[in-house]
Each structure stands twice: as C-alpha cells, then as structure tokens.
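Asks: Okay, here's what each chain looks like letter by letter:
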Amino acid sequence: MQNEGEIRIPSGCAITGVISKSGERFSGETAIRSIEPMHDRSNGLGGGFAAYGIYPQNRDLYAFHVFYDSARAKEECEQVLQTSFDVTVAEKIPTRKMPQITDEPAIWRYFCLPYEKLLQSTGLDEREFVSRFVVKINTQIRGAYVFSSGKNMGVFKAVGFPEDVGRYYRLEDYEGYCWTAHGRYPTNTPGWWGGAHPFNLLDYTVVHNGEISSYDANRRFIEMFGYRCTLLTDTEVITYIIDYLNRRQGMSLEETADVIAAPFWSEIDAMDEADRKKFTYLRNVYSSMLITGPFSILLGFTGGMMALNDRLKLRSMVVGEKGDRVYVASEECAIRTVAPELDRLWSPRGGEPVIIQVNEGVRI
Amino acid sequence: MAINYNIPEYDVLRDPQRCIACRVCERQCANEVHSFDPDSGTMKSDESKCVNCHRCVALCPTHALKIVKNPDTFRLNAYWGQNDISEIYRQAETGGMLLSSMGNPKPYPIYWDKILINASQVTNPSIDPLREPMETRTFLGKKPGAIERNPDGSIKTDSLPPQLKLEVPILFSAMSYGSISYNAHQSLARAAQELGTYYNTGEGGLHEDFYKYGPNTIVQVASGRFGVHHDYLEAGAAIEIKIGQGAKPGIGGHLTGAKITDAVSRTRMIPKGTDAISPAPHHDIYSIEDLRQLVYSLKEATEYKKPIIVKIAAVHNVAAIASGIARSGADIIAIDGFRGGTGAAPTRIRDNVGIPIELALAAVDERLRQEQIRSNVSLIVAGGIRNSADVVKAIALGADAVYIATPALIALGCHLCRTCQIGKCNWGIATQRPDLVKRLNPDIGYKRLMNLVSAWQHEIMEMMGGMGINSIEAMRGNRLMLRGVGLNEKELEILGIKHAGE
Chain A
1 MQNEGEIRIP SGCAITGVIS KSGERFSGET AIRSIEPMHD RSNGLGGGFA AYGIYPQNRD
61 LYAFHVFYDS ARAKEECEQV LQTSFDVTVA EKIPTRKMPQ ITDEPAIWRY FCLPYEKLLQ
121 STGLDEREFV SRFVVKINTQ IRGAYVFSSG KNMGVFKAVG FPEDVGRYYR LEDYEGYCWT
181 AHGRYPTNTP GWWGGAHPFN LLDYTVVHNG EISSYDANRR FIEMFGYRCT LLTDTEVITY
241 IIDYLNRRQG MSLEETADVI AAPFWSEIDA MDEADRKKFT YLRNVYSSML ITGPFSILLG
301 FTGGMMALND RLKLRSMVVG EKGDRVYVAS EECAIRTVAP ELDRLWSPRG GEPVIIQVNE
361 GVRI
Chain B
1 MAINYNIPEY DVLRDPQRCI ACRVCERQCA NEVHSFDPDS GTMKSDESKC VNCHRCVALC
61 PTHALKIVKN PDTFRLNAYW GQNDISEIYR QAETGGMLLS SMGNPKPYPI YWDKILINAS
121 QVTNPSIDPL REPMETRTFL GKKPGAIERN PDGSIKTDSL PPQLKLEVPI LFSAMSYGSI
181 SYNAHQSLAR AAQELGTYYN TGEGGLHEDF YKYGPNTIVQ VASGRFGVHH DYLEAGAAIE
241 IKIGQGAKPG IGGHLTGAKI TDAVSRTRMI PKGTDAISPA PHHDIYSIED LRQLVYSLKE
301 ATEYKKPIIV KIAAVHNVAA IASGIARSGA DIIAIDGFRG GTGAAPTRIR DNVGIPIELA
361 LAAVDERLRQ EQIRSNVSLI VAGGIRNSAD VVKAIALGAD AVYIATPALI ALGCHLCRTC
421 QIGKCNWGIA TQRPDLVKRL NPDIGYKRLM NLVSAWQHEI MEMMGGMGIN SIEAMRGNRL
481 MLRGVGLNEK ELEILGIKHA GE
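Order-wise, the sequence lines are chains A and B. Heads up: the first sequence runs through residues 1 to 364, numbered per this note's numbering. Heads up: the second sequence runs through residues 1 to 502, numbered per this note's numbering.
Hints may be right or wrong, so weigh each one.
[Unchecked claim] For each label pair, taking beta carbons as the anchor points, the in silico distance ranges come out as:
#1 A:117 / B:316: 27 to 35 Å
#2 B:459 / A:115: 53 to 61 Å
#3 B:447 / A:343: 55 to 63 Å
Hints listed in this document are in silico derivations from the structure and should not be mistaken for laboratory results. On a predicted model such as this, the values are computed, not experimentally measured, just so you know. From the three backbone atoms N, C-alpha and C, an ideal C-beta is built for every residue, glycine too.
Construct the entire structure; sequences and hints are all you get.
Replies: Now the structure itself:
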C-alpha cells in the first residue's frame, strides 16, 4: 500500500477551534472535550491539535516539533539543524503510553533561532529562511519530518482518534489562548503520523474538512513559488496558498479569503465600481489560487484564527460566542459540549471569512 | 490525348427512379460534375471532378444522390496504397508539388481519445450547473507577480497589463479574408461579438466593413504584412504575430491571384490578381531577440493597450521556443498543432511536419511552470479541437483557452472536402466567387456559430460540475482530473497524467 505523499488520499473530517479574545490561556482539555463528540466524523486514522501561546517562556524562539522514524534520521536532522540554528533546548515531547496509540515514532522538540550571520548572508528574512529550511528537511532527510515550526505555538498529532491523541500528548498540561483540533476520516489506511493534521508552516496551521476539486490546479501553480507539495493533501496546498498570499504577497486575511473563496462573477458584476474592480483584479490575477469543491478550514496564526467555508458552503461549519471566547466547529455539538449556553450561534455563509483576533494590546 | 492514369476517388450514385432531372445539382456544383443530357432527358456525372463536398446531396430535392468511395481499386498492396500510387501519377504528369487543404488527415495517434475525464463520487459532491453558478469566464494576458497598493492601502487595479476577457474559453482561430469569404468573416465576427469572445482576422487584413467588430477582433501580423497599418492595429482588441501555422510549420502562405478580387486587394493592400505570397520567416525575425523587437514595436504603436499574441506551430522543441517567447514581452502564446487546418499547404508538409497539440501543450505548460514563468503568459491551443471534451482536456492539461477554426467552418456548412485551394467552395466559405459566396448567409451563419459554441459551453459546464469544479480556472492545469488509457509510460510522462486505474 502506498503511503501519504505517494498517492492522493481524499478524507472526510471533523474540525473544531476555540479562541479567547482577551488572550486568556486555558488548557488543552477544552479542545479534547470539544472534538470528542464528533468521534464518528473520524475513523481513527489521524487526529491532531494546534495550540497557540503554549511556550511563553520561549516565546521568541522557533519551536520545532519533529518525528523521527530512526536514530539515523535524528542524527542527520540534528546535524543539519545545528549548522543553521542556535538550539537552546532539545527534548523529547512528553507523552502518555496508551493502548489506543501505537507505532509511535521518536518525537522531539527544539527551541532555536537561526544564526544571525548565516541569516544575513542569505539575504532572506527570518521567516522565509525558516520556511525554506523546514521544506528542505521534510523533502531531503528520509525519516525526519518537522511537523511544527512556529514561535510560541505547537502542533501535536498522531494516528488515532483525536481525543486519544490529545491525551497521549498530555495536552491538559499545556495552556494556550487558541486551540484548533482535527479528526480525520481518510479513505484508505496510511499509517504515517506526518499525514495527520493540523498541517503547519511557521505559525500558520490549517485544519480542514473537505475534498477540494481544484487540488492539482492549485498544486501545480503554488509549486512555481518554491513550495513542494510532498503530502498530496488539500490541507498542505491550502496552507501554502495562505502563506503565499498572506505572508509573501502581503495580503490581508480578508483579501486572502477573497482569492481562495472568491465571489461568483454574477455577484462581482453586481457590485459597485470600486469593489467590482478589486474583485475582478483578484480573480483574474490569482485565478489559479481559487479553491473549488467542499471545504471548511480553520486557519490558526499568532494572535488569531480564521474560519472559511467554500463558496457554495458544501461543508457544515458553525460559529458560537460566549463571553470573550469564540468557538468554530463542524457540528454544533462540539461547541455545546464545552459551552452549553452561548451568547450567539450562527452559520457563516459560503466564502465569508470569520476572522477572530486577540484584542489589541494583549501580550500573547 | 494522354492517358489519365488516375481513377476517380468517389462515385456519384444517382437513383434514376428518384431523379427528376431538375438540374439543381448541375447549378450547385462549381466543379461541374453534373450535366444534363438533352437527348436522353437525364442527368449525367463526371465523377473525376467530384471532391465529395456533398453540396449536391444536401440540395437534391428527391434525395436521389449518394457520393460513395469508388470501389474501383488498383491492385491491392499492403505497402503501396492507392493514394501513394495516385499521387505519383499526378506528380509525374504535372511536375508540381501536391497541394492540400484543411488539417492532417492521416491516422496518427489522437491523444484526446486516449484521455478520460474524472467525476466526483461520495467523497465530494458533483455540482449541478442547472442549480448553481458554473463559471466559464476567463482572462488572457500577463499577470503581475505582486500586488501594488494605493496610498490609502487599497489594491491598485489599473496597473494590470492589458487582458482579453472571454465569457467562454473558446476563440475563433485565424482565417484570412481571401482564404475565406466576406460572408464567412462576417459570420465569425458577429458570433464572436454575441458570445463575448474573439475572432481572428488571419493574415489578410481587416475589411473596412468589419472595423465595427474591433472589440471582438484579434488582428494578425504575419510575414507578408498584408493589410497591416496603424488603423488596423488600433482596430483590434489584441494583435497576433503569426510565426507559424500547425498545418504548415516552417513555410509561408500562398493565396492565388484568382482569389485577389477588388475587395481582397483593397483589404490586403496588394494589386488585384497578383499572388499573395507570405515569406516562410518574418524577414525581420531571424532570432528570438528580433521577436522581442517586433513585440515591443507593436506595443509602442498601440501604446501598450493591447495584449500581443505570438502564434507558433507545434514543432519538436516547442517547449524551449515557448519559454523564449514567454520572456519576449508577449502576453499570450498560441500553439497550433499538426491537425490544424489551412486554405492551402503542400501535402507533404501538412501530413508530415509538426507534432500533436496534446503533447505540445503538456510540454509547454510544464516547462513554463518549471521555469516559474507560466504567469507571464496565457496559453491558447489550436489545431484539431473537435468537441467540448477536447476543450475540457486541453484546459485540464494546462491551456487557458482554445482556438477553433475547422469546427467553425463545419458549423457554417463545410464538409471537409479539403479542396479549399481550388477556390470553388460550393458552400460559399473558401471562395471569392460572388455566386458561391452568396450561398453562405451570414444571418444564419452567425447563429449556427453561436449555437455551436453555446452547446459546447453547456457541455463543458456539465463536465466541470461532474468533477465538482465550478470555475473554469480551477480546471486549468488540473491534470489529476485526467487519466490515460492505452498510453505507454513515456506518453503518460509527457502528458503529466496517470494511467486509468492508478
């Protein structure tokens, strides 16, 4: 059987996310409890979490989370890492032995920063340097896979049901101001941990439910800009597109959403002149980054979260608010489990981004 | 009299029970196949003149006529076919090059027919074009590499290089006034206007009556520079530099003096009755850097307001050539495959030079992506697109849009008799004879063209919906939506698709 990256595997999924607008940190238990009632939306072949604000003591350092299939892969990867990065901490990520989680790779965490002089000599900005470094490790070192590479955030994922994955990683011991979670229903059975979600690049994480029909058009286009889609998953290509538009092209998240879930021409033609010009421009210039087919995605980033449905809303997604917390999930039950009484609950329209950011001035 | 070694290719079968000797066939046939014998009061045929254009069959009021392949054969030979022998006889008799028209008819592989299209099942839904928007609009032209912002932070939208807006990704390919008739040109121009797409003047200039269709016209600049002047360049929505043609890569064109009538002479700006000969190369383009100069000369002449298309024939190193063109300042590349039609070409060239458009397109699209310059240009492919499925496959392989010409002529009545070069087109298309031209009614012609393209558009929308795609641009280059059948590893590799079952 072919592994992730050798074949494209469509999958159905469950997603959930919760953020505190005041930047209050809360334990991963909330995210675990939220994803648990959507058990039947996954099939035990992948689950994971993204957590923001969990490493305040190392907030200025990149936190690399790495899977190793072998001691050789670890040795090789660490050697490469040490030539480019000043590594402050190298440690095993704590886990809890559980019968539900098997075949675990070695899972390590590194807090580090690229060497200043090396960075200057490349002429790249720090984030571009780090993103290229991660792509290099993941494509060139067999058996090593960096699955989390942002600052003051981390991804935790495995093959298994998401609630088990959360407990395996002892997420109740971490506190963050924003959590997203993913349960996966792939349509075959790859046993590779790297294939679980969230997918991450720098501090961007994406959890996604859907199967995009534009996949290969998007993939072949984004690969022109130095990205390598090695996993052949939707989530990977969506993350790269967001990274390209938001970070490299300097677009706002709203503009990014306007490209990937663009309004229909019939809507654009009916807009006032300024909007019509803007949307026509974005659809024309970035047409290869339009994403079609069903998707609901939760994008996590430093200081916020964006929820977005495909323009026909072919996947369920609801948003709930209670006090300073905002919840987004595939199903309402995931929200009601952790916040039974809500101030507000609604279904965003297809293509309409819901962007929640931590209040201004809050240190995160 | 010298012996005629050839046997007629077709037989004219006339049912004497049905024929009423009304002489319609006689009046309709410019090739003078039919004649009336007053002695017997019956119709006679000289089938040696028949090109099988089916004009007489279509107009016979009693359905008395059938044109069939002549069962008479030379002695059968698995190596020396009837055609091979006949062509030798003709050349031995005349000493001339053989001429033919329309596209390469030989049984080379048809890759379109070895590619299959995907559809959604269970894991993602198909989309019903009757219930949901299904978008076929696309823009052709160079896309900028980065956004620019106004001082207020809004995105600058007016700095975009010139674009062609198409409501459907199908354009009418170049056919010159001269090679086809006034009425055919008018039909194409009106249809393009109604459909929200473009037709292409070809290399014969733009008739003064058709300037009003300028916003839907692509004006061509070819090696003969016929009819090229400032107003002509200004009239079009885009300018196409024709380097080559799929039916006859590497050679120029030849329109016989017989077709240079008063109006054609005026439009082409050449004397009446003289042969219009386009040189094989542009004599100001002997290299890629020369092309760049012509591209920018045309841009200068039109103040950078019109996209420049460079059209080339699909030849062996087409990917490298396209890469050079994508860096020449051109906005759009048109690639014409070896099945592309022509009003006249040397038979040997038409049948033996060039490569299939499917392979050329796949190679060019992939090469431009590898070199990270795919957004510098849009790609139009031409040469043998037969139906909407070919359009879908072309776009999924990586084309932005397709040019069609042969299907457009067929819609106007062409029966692919492939004898345009003699100028006696009974359907009023490839002729300048007024009595024949008037047989093509542009009021009917443009509606038939609209019908054809609208029908294809609906079929494209159905296929897109089946794949769960609701914008044509999400299908562009989406090669995972294609699978090959009966193709070898190398062919799959070049096409960049997997085999069915994979």
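Asks: Now, for every hint given, state plainly whether the structure supports it.
Replies: Each hint, compared with the structure:
Between residue 117 (chain A) and residue 316 (chain B) the beta carbon distance is about 49 Å. The supplied range of 27 to 35 Å is therefore violated. Checking the proposed 53 to 61 Å range against residue 459 (chain B) and residue 115 (chain A) shows it holds: the Cβ atoms sit about 59 Å from each other. Between residue 447 (chain B) and residue 343 (chain A) the CB atoms are about 60 Å apart, so this pair conforms to the stated range of 55 to 63 Å.
This entry does not satisfy hint 1, going by the numbered hints stated previously; all others are met.
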